[in-house]
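Engineer: Residue numbers (our numbering), protein chains in the order written: chain A, 1 to 361; chain B, 1001 to 1286.
Mixed in with the good hints there might be a few duds.
Computed from the model, here is a short list of chain A residues facing chain B with C-beta under 7 Å [as the list claims (entries may be wrong)]:
id: 1; residue: Phe67
id: 2; residue: Pro87
id: 3; residue: Asn93
id: 4; residue: Leu94
id: 5; residue: Phe96
id: 6; residue: Ser98
id: 7; residue: Ala100
id: 8; residue: Tyr113
id: 9; residue: Gly114
id: 10; residue: Glu118
id: 11; residue: His196
Cβ pair distances, simulated, as ranges [stated by the list, open to error]:
id: 12; chain 1: A; residue 1: Lys181; chain 2: B; residue 2: Leu1024; range: 49 to 59 Å
id: 13; chain 1: B; residue 1: Pro1178; chain 2: A; residue 2: Thr23; range: 22 to 32 Å
id: 14; chain 1: B; residue 1: Leu1133; chain 2: A; residue 2: Gln148; range: 34 to 44 Å
id: 15; chain 1: A; residue 1: Asp147; chain 2: B; residue 2: Val1020; range: 50 to 60 Å
id: 16; chain 1: B; residue 1: Pro1178; chain 2: A; residue 2: Ala351; range: 51 to 61 Å
id: 17; chain 1: A; residue 1: Gly199; chain 2: B; residue 2: Ala1266; range: 54 to 64 Å
id: 18; chain 1: A; residue 1: Arg226; chain 2: B; residue 2: Lys1007; range: 53 to 63 Å
id: 19; chain 1: A; residue 1: Asp81; chain 2: B; residue 2: Pro1099; range: 56 to 66 Å
id: 20; chain 1: A; residue 1: Arg122; chain 2: B; residue 2: Trp1196; range: 11 to 21 Å
Sample of chain B residues with no beta-carbon within 12 Å of chain A, all distances over it, derived [unchecked claim]:
id: 21; residue: Ser1032
id: 22; residue: Gly1039
id: 23; residue: Pro1151
id: 24; residue: Ile1181
id: 25; residue: Met1264
These aren't lab readings, by the way, just hints derived from the structure by calculation. Backbone N, C-alpha and C define an ideal beta-carbon position, used for all residues, glycine too.
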Amino acid sequence: MNARERAAAAAPPTHPAVLRIETVSKAFGAVTAVDRVSLDIRPNEFFALLGPSGCGKTTLLRMLAGFETPTGGRILLDGQDISPLPPERRPLNLMFQSYALFPHMSVRANLAYGLEMERRPRAEITRRVDELLATTGLSALADRRPDQLSGGQKQRVALARALIKRPKVLLLDEPLGALDKKLREQMQLELKRLQHEVGITFVMVTHDQEEALVMADRMAILRDGRLLQCGTPQEVYETPVDRFVADFIGVMNFIEGAVDPGGVFRAPGLDVPLARPAGTGALAVRPEAVEVLAGPAAGMPGTVLDVAYHGLDRVLHVRTEAAPLLRVRVAARHAAEWRAGDAVSLRIEPAHCLFFPDPAP
Amino acid sequence: MSPPDMKSGLLVTPAVAWLVIFMLAPCLLVLSYAFLERGTWGGVEYTLTLENIARAFDPLYARVFLTSARIAALATLFAVLLAYPAAYAIARAPRRWQPVLLFFAVLPFWSNYLIRTYAWIVLLNREGLVNNLLKALGYRGEPLSMLYSEPAVILGLVYNYLPFVILAIYSALSRLNPELIEASHDLGGGALRTFWRVTLPLSLPGVAAGGVFVFVLSIGNFVTPALLGGGRFQMIGNLVYDQFLAANDWPFGAALGMVLIAIMTALLLVQARLAARAGGDTARPA
Chain A
1 MNARERAAAA APPTHPAVLR IETVSKAFGA VTAVDRVSLD IRPNEFFALL
51 GPSGCGKTTL LRMLAGFETP TGGRILLDGQ DISPLPPERR PLNLMFQSYA
101 LFPHMSVRAN LAYGLEMERR PRAEITRRVD ELLATTGLSA LADRRPDQLS
151 GGQKQRVALA RALIKRPKVL LLDEPLGALD KKLREQMQLE LKRLQHEVGI
201 TFVMVTHDQE EALVMADRMA ILRDGRLLQC GTPQEVYETP VDRFVADFIG
251 VMNFIEGAVD PGGVFRAPGL DVPLARPAGT GALAVRPEAV EVLAGPAAGM
301 PGTVLDVAYH GLDRVLHVRT EAAPLLRVRV AARHAAEWRA GDAVSLRIEP
351 AHCLFFPDPA P
Chain B
1001 MSPPDMKSGL LVTPAVAWLV IFMLAPCLLV LSYAFLERGT WGGVEYTLTL
1051 ENIARAFDPL YARVFLTSAR IAALATLFAV LLAYPAAYAI ARAPRRWQPV
1101 LLFFAVLPFW SNYLIRTYAW IVLLNREGLV NNLLKALGYR GEPLSMLYSE
1151 PAVILGLVYN YLPFVILAIY SALSRLNPEL IEASHDLGGG ALRTFWRVTL
1201 PLSLPGVAAG GVFVFVLSIG NFVTPALLGG GRFQMIGNLV YDQFLAANDW
1251 PFGAALGMVL IAIMTALLLV QARLAARAGG DTARPA
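One chain only, chain A, in its complex shape (with noise of 0.2 Å):
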């Protein structure tokens, strides 16, 4: 156990949640867009609400926001129930994925515009937003127009002004998706810096599960408006709930087979003990897991399809009887010995495999 995971265990019962989602859900019309979903976020974390595209997440969020009204449960903040509530007298702020911000005024105005809505006494207004200029490095930009702004500096406002009031919780919508992948690398560790320093709790959607790897203290990964897992990355990356958790976190192999009443899983050329009910299903593995044999040991046999090139480690393609493309992952001093057409003899470690049985018929 490491600390974050020590931490994450100890949590639930020192920490309240700062935001808790209690079986909400959202209909629009016949569609569920959001099914009974209950979530915890604990003060101070950076959350990311995950899934493809449709998945409910930014319906969630725009809940959170109070720009939709649940149709079912209740959204707690501090305890207090904040459903009923409009969006202009939640303490949350959103930061949108089109940035949205006001054109007809200068990046100061908008940083300035939460603050005047609160009536601040104008002295604290510019003493404030002066400050926040300075924090996220726009100080030189603050009489521009929001079209005289690249991509990056408009979601740099559009965060210095969802931050400017300090809500209790900091809503973002895919806040790096319209950044180049160069710029969202670097954007995703200056927001987590970000988010140390102000001490605000984050919560993010996005569609890119790398992106909720990397940046994210606990992650809630949703499907069809439905909850399937929340957890910190490592538990979701190494113990994924379901088939969909772990072909959507990152790189999966899926080996149709069967497990027999021995608790061997079966597939063509390979044996694993897996001490399981037996049944018919797909074992998962992930490319790290897989060893490539030296010399043509007795594992299951396969032919390299190609070679890809990832910097310190190559993944081979590997076509084997059991599985059509199997991912494997070697470090790149051994990657040289192959080339597309070589056979390969291939091992899997039965500790790194996890097995999801087909959904009764």
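Dock chain B against chain A, hints included.
Structural biologist: Positioned in the frame of chain A, the structure of chain B alone reads:
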């Protein structure tokens, strides 16, 4: 010229030719008349003079310009005040209803301008529908004389140009990114302040477009003042009309027309500048 340039050049040629022949040429002709002397029975003598231009700025005629400007300004004001809530309501209506509502807003526009204006005579005269209705409601005084007055002219202008303003403001409002409104609410802005700080400023280009439209068409209008004003007071349009068709003073009519065109052009330029400045990225994200 590169091939695409040539292609688009060919495509605009008919429109440009049309404008040059039927718009620019007559305008230049009228302009040139303003610098010539009047012929005895209409037409012009080909002698250059600046006298007509000078006369157009005579206090007598300046007053007509001011009256016209006042009537046009009031018509613009009322048209915008009436059109904004209507356009706002249409823009906020469910998307599938919007074309239907716009259709009804523009419907009167498809009947003849003269007929629509005559209809107001029927409504407003001393024996008209409005006075009859008042009588039926128990009003016992003298019938109201509403027709042939400045308010009647303004009413006619507002009525006739209202659809334009509704369309212009609607188009600005419907292009407004709804997330900007949400952002304002999210930052603590109630409905009223959100409207004042976000919706209204971002729809001003539409208000300006519609407003300039009403003003420009109103200040040069001569049918409505002739019918609903009863010829009792003059707007520039009537004055120009009279110079050409009654007083047989084509050069002076041309001079007045030139001043009018100058005013309109100046306003349209100001409006275009405003629209360009406010343009920015108010539009919805794709």
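Engineer: Can you list which hints this structure breaks, lowest number first?
Structural biologist: 11, 14, 15, 19, 24
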